[in-house]
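Chemist: Each chain, written out:
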Amino acid sequence: MKKKLLILILLSLSYFAFGCATGNKQMYYWGNYSSSLYKYKKAPNNETLDAHKQALVKIIEESKKEDMRVPPGVYCEYGYILMQEGKNTDAVNYFDLEEQTYPESKTFTQTLRAKFDKGLNKGTGTDTGIGTIGSGTDTHTNTDKATDKATGKVTDTGKDKE
Amino acid sequence: MKNVKSIYPLLFILLFLASCGPQYISKSNAFPKMYEEHPLSILVLPPINETTAADAKEYYSTTIAEPLTYAGYYVYPIEVTSDLLKAEGLGDTEMLVGLPPQKFRGYFGADAVLYIKILKWDTSYFVLGANITVSVQFILRSTITGETLWEYYDTVVQDTSGDSGNSNAGLAGLLVKVVATAITTATTDYVPIARQLNQRALVSIPYGKYHPSFGQDKDIEILEKKLPEQPKK
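So the sequences go chain by chain: A and B. Note that the working numbering numbers the first sequence so that position 135 is 422, with each residue one more than the last. Note that the working numbering numbers the second sequence so that position 192 is 176, with each residue one more than the last.
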């Protein structure tokens, strides 16, 4: 009887252990990615965007330090933000890095480059979407921030708009 | 002897759990097409939000890329891809769902497209407590055949009932608890719960090419969780 019980306990333990098994955490360094992006989504403004950019830069630096591959999409996302800021040459370098690290990204980065060549990022009025990274251009968000500062409530106004 | 007798009820419970409990199945039996096609790059589409929480879609999107890459896949940066889709006039998720998955191969080069449905993202209050529930369905489709490669759904419920502390069963004690529950519930983020859900659900996906154990997980047993088939198109 005791033996049977022991086996049962062991079995349930192994199920439990299996359920908790997750991916290999040593594969990438993702740093604060998810949380800084979430904070930006919650309150899209220059501060939270900067924090997210810093999170991306840190991922790239730490990955190099630890001799790990930069996680998929990080170079590209960072380059995309730079492009929204008009820093096109820097941006293209990051698209290159994404392609070198992940050749399967090429179709996508090419599409992206073509989009920007057509001038998608030009013109302050072409907001492609609300609440996405860098959808507002610099001037746009700056004025937003100024008015927000005047009212003293950054997040509230942001939320109302959403 | 007394000890042995006290085990019986426990055994019955265990037997009951074993017979009626969830079914386990090997990854290769559950998702054979994953092992035929070996998709590498996954395009995550903006989730379909079936809840009343308007921000669930945006918030949930911040949680999925990371665990998917740990499973060994190349994941297109969701922030960028959703912007691109919007620029193409495809910001409306319902419209995206109607498109054949093959379309995304040419535009993104993706091997597979991940459709996510947020089924629950809400708080339910009961007399002296509250729960936060997040429920998500995942369907991964091939951009070559359009067929389903992997699918799963999961629900995580978190109890946000306030701690009663020194519970004098008096009315004042109850009131304290109700208030504490309201505060805890209001300040509990859904996002950590969503992250927990992703981790659990992605245990079932066969490893992608960047995972060190790629191709070696066919016999790993997983809990099969599918939603009943819905009429297509």
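These are computed hints drawn from the structure, not numbers from a lab. Among these hints, one or two may not hold up.
[Claimed, not checked] Within a straight-line C-alpha distance of at most 25 Å, the following computed BS3-like cross-link-like pairs (lysine-lysine) qualify:
no. : chain 1 : residue 1 : chain 2 : residue 2
1   : A       : K393      : B       : K87
2   : B       : K104      : A       : K329
3   : B       : K202      : A       : K393
4   : A       : K329      : B       : K101
5   : B       : K70       : A       : K402
6   : A       : K326      : B       : K104
7   : B       : K202      : A       : K374
8   : B       : K41       : A       : K329
9   : B       : K17       : B       : K161
10  : A       : K340      : B       : K70
11  : B       : K41       : A       : K326
12  : A       : K402      : B       : K87
13  : B       : K70       : A       : K329
14  : A       : K340      : B       : K41
15  : A       : K393      : B       : K193
16  : A       : K351      : B       : K193
17  : A       : K352      : B       : K193
Chemist: Now, for every hint given, state plainly whether the structure supports it.
Modeler: Hint check results:
Only pairs whose Cα atoms come within 25 Å are accepted, and K393/A paired with K87/B is accepted, the gap being roughly 16 Å. A hinted pair counts as satisfied when its Cα atoms are at most 25 Å apart, and K104/B with K329/A qualifies at roughly 19 Å. For the hint pairing K202/B with K393/A, the CA-to-CA distance comes to about 30 Å; that exceeds 25 Å, so the pair is violated. Only pairs whose Cα atoms come within 25 Å are accepted, and K329/A paired with K101/B is accepted, the gap being roughly 21 Å.
Taking the CA atoms of K70/B and K402/A, the gap is near 12 Å; set against the 25 Å cutoff, the hint holds. For the hint pairing K326/A with K104/B, the CA-to-CA distance comes to about 22 Å; that is within 25 Å, so the pair holds. Using a Cα cut-off of 25 Å, the hinted pair K202/B and K374/A is violated, with the two alpha carbons roughly 46 Å apart. Between the alpha carbons of K41/B and K329/A the distance comes to roughly 12 Å, so the proposed pair stays at or under 25 Å and holds.
A threshold of 25 Å between alpha carbons decides the hint, and for K17/B with K161/B the separation of about 51 Å lies outside it, so the pair is violated. Between the alpha carbons of K340/A and K70/B the distance comes to roughly 22 Å, so the proposed pair stays at or under 25 Å and holds. Using a Cα cut-off of 25 Å, the hinted pair K41/B and K326/A holds, with the two alpha carbons roughly 14 Å apart. Proximity of K402/A to K87/B is assessed by CA-CA distance (about 18 Å); at most 25 Å being required, the pair is judged to hold.
Simply put, K70/B and K329/A have alpha-carbon atoms about 20 Å apart, close enough for the 25 Å limit, and the pair holds. As the CA atoms of K340/A and K41/B are separated by approximately 22 Å, the hinted pair is consistent with the 25 Å bound. Proposed proximity of K393/A and K193/B is supported: the alpha carbons are some 17 Å apart, at most 25 Å. Restraint check for K351/A and K193/B: satisfied, since their Cα atoms lie roughly 21 Å apart, inside the 25 Å limit.
This hinted pair checks out: K352/A and K193/B have alpha carbons roughly 23 Å apart, not beyond 25 Å.
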